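Enquirer: Chains as they are written, first to last, in UniProt numbering: chain A, 1 to 285; chain B, 1 to 285.
Keep in mind that the hints were calculated from the coordinates and are not lab data. Bear in mind the structure is a predicted one, so any value in this text is a computation, not a measurement. Beta carbons are placed, not taken as given, at the ideal position from N, Cα and C, and that holds for glycine. It is possible that some hints are incorrect.
Here are some of the chain B residues that sit facing chain A, going by a computed Cβ distance under 10 Å [to be verified]:
no., residue
1, V186
2, Q198
3, V200
Below, in silico cross-link-like pairs of lysine-lysine (DSS-like), each with a Cα-Cα straight-line distance of 27 Å or less [what the hints assert, rightly or not]:
no., chain 1, residue 1, chain 2, residue 2
4, A, K212, A, K3
5, A, K217, B, K194
6, B, K8, B, K222
7, A, K58, A, K76
8, A, K194, B, K222
9, B, K217, B, K194
10, B, K151, A, K194
11, A, K8, A, K217
12, B, K194, A, K222
13, A, K8, A, K58
14, B, K58, B, K24
15, B, K151, B, K3
16, B, K217, A, K194
17, A, K151, B, K194
18, A, K222, B, K222
19, A, K8, A, K194
20, B, K194, B, K212
21, B, K23, B, K8
22, B, K58, B, K8
23, A, K24, A, K8
24, B, K194, A, K194
25, A, K222, A, K212
26, A, K151, A, K3
27, A, K222, A, K15
Partial chain B-side listing against chain A, Cβ under 7 Å, derived [to be verified]:
no., residue
28, T67
29, A123
30, V126
31, A128
32, M147
33, R173
34, N180
35, N181
36, A182
37, L188
38, H192
39, T193
40, A197
2 protein chains.
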Amino acid sequence: MTKLIDGKQVAENLKVQIASSVKKLIALGITPGIAVILVGDDPASQIYVRNKQRAAEKLGIDSEVITFPATVSEEKILAKINGLNANPAIDAILVQSPLPDHIDEHHIQSAIAPEKDVDGFHAHNVGALFANSEGYYPMANTPRGIMTLLKEYVPDLTGKNALVIGRSILVGRPMMAMLNNANATVTLAHRHTKNLAQLVATADVIIVAVGKPHFLKMSAAKADAVVIDVGINRLEDGQLVGDVLDDMPDSEQLLTPVPGGVGPMTIATLMQTTIELAQQHSIFE
Amino acid sequence: MTKLIDGKQVAENLKVQIASSVKKLIALGITPGIAVILVGDDPASQIYVRNKQRAAEKLGIDSEVITFPATVSEEKILAKINGLNANPAIDAILVQSPLPDHIDEHHIQSAIAPEKDVDGFHAHNVGALFANSEGYYPMANTPRGIMTLLKEYVPDLTGKNALVIGRSILVGRPMMAMLNNANATVTLAHRHTKNLAQLVATADVIIVAVGKPHFLKMSAAKADAVVIDVGINRLEDGQLVGDVLDDMPDSEQLLTPVPGGVGPMTIATLMQTTIELAQQHSIFE
Chain A
1 MTKLIDGKQV AENLKVQIAS SVKKLIALGI TPGIAVILVG DDPASQIYVR NKQRAAEKLG
61 IDSEVITFPA TVSEEKILAK INGLNANPAI DAILVQSPLP DHIDEHHIQS AIAPEKDVDG
121 FHAHNVGALF ANSEGYYPMA NTPRGIMTLL KEYVPDLTGK NALVIGRSIL VGRPMMAMLN
181 NANATVTLAH RHTKNLAQLV ATADVIIVAV GKPHFLKMSA AKADAVVIDV GINRLEDGQL
241 VGDVLDDMPD SEQLLTPVPG GVGPMTIATL MQTTIELAQQ HSIFE
Chain B
1 MTKLIDGKQV AENLKVQIAS SVKKLIALGI TPGIAVILVG DDPASQIYVR NKQRAAEKLG
61 IDSEVITFPA TVSEEKILAK INGLNANPAI DAILVQSPLP DHIDEHHIQS AIAPEKDVDG
121 FHAHNVGALF ANSEGYYPMA NTPRGIMTLL KEYVPDLTGK NALVIGRSIL VGRPMMAMLN
181 NANATVTLAH RHTKNLAQLV ATADVIIVAV GKPHFLKMSA AKADAVVIDV GINRLEDGQL
241 VGDVLDDMPD SEQLLTPVPG GVGPMTIATL MQTTIELAQQ HSIFE
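All chains, full assembly: derive it from the sequences and hints.
Expert: Laid out in structure tokens, this is it:
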């Protein structure tokens, strides 16, 4: 069995820090607040939103969930976002993906004020991340959570060969930027990549975010590889599996489990970003 | 002798297209206009600015150069930029780098309206590029010019291994985004990269932007490698050389010369972006 990276434990440690920061903010008269917009009745999205709300409640963060039917107009969502942008009780705004086809997701995400953009999707914040700008800006929580997790197991990424498989704007692209900013040598692979086996065999750190069960076998990676599995796939028998197949008994490799790896880190990091935004707002008020 | 990529000729072809677009705009009553801000009296910067102004003049683009002494305050430059942002005769604003140490370059670049940001440095435009957003936005002219040049010699980059050496916000980072958006598999290498020789030996396309004479030898690259040399270095004897040493007589490799490769493409692409911004403004006016 490959050694498992304990995402749950690292997430718990992070939440302890967040709870302490929330207490300090409340002592200053500031209760951090997050608003989540949920459109339609996708069961998975409902579960994600409920988990986010529960995490917020446990940490003392105010949360508000705004639900719209799948038939809602773009204008109505935009009007709601404008209201939340102007509402001083709200520090963080999140629109749960996916949105119905008739809604332009890019329009919606761009309407969120950059300083309340808890997912780090606004072009302004994406640009700051890719330019490795100084100062505070929110960034995508899944890759940021992965960076926090990696720090526990690979304290210094300088000069490490990092391979990111999958180039979504949610995970792969910001992941590449964060690893590059941490001085790793990053390769971004995707469906058109021809020499994936060779890239996998030479990578020190591999982030897999392709959404295909058992896409990568641990036996294809280096003997000391650290592998982060971002995938969550449901097999026909109902089993939840990641993108990585652990076929290396007794190896010294490291791997995040699914579930219990990246997932808890994403939620904890979302809360971290929420209180950071509240801290920023308290400074500038 | 490695085969040379003719940047001058590709730039000339591009300028012919630009001149034709300028004529069409002028027929509509729109004269594209670029403003260049030059601070201090760095001789190299003066030459760059003069070359840009000459290129604009030849193409029928209005140009205005605003010079400030090296002692100018940040406020004065910002006030000038605000004026240019509001001036409908100006489609494109460029601040020549480097700026004196007491000026915060990030402040200055961020003050340029995103829709007049001809260098594509504004976080908004950087973010759009890295997210591969739809619609028009200006992007950094050196890497974009390299993409135009590459298209002539490598029409389809899909699945090609591209190695970018150097991760500046001017060249390396946007270069990586553009190559990734063109479906290449991109690795971004830098001073902390440990296995550069191996990366060089397996790359189909190499972009070298490190600013060190003879940093890369063509003999280290694949027999069919395409190498783009972004460096311009002056040796002690006054000779101008790039970052690449061509030590491969009779090879089938391709290389951009210095001068006559990336340089002419950058200026032509700057003009291309200027008229695109003018076209965008004419649509929205």
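Enquirer: Against which earlier hints does the structure fall short, listed by number upward?
Expert: 3, 7, 19, 27, 28, 32, 35, 36 and 40
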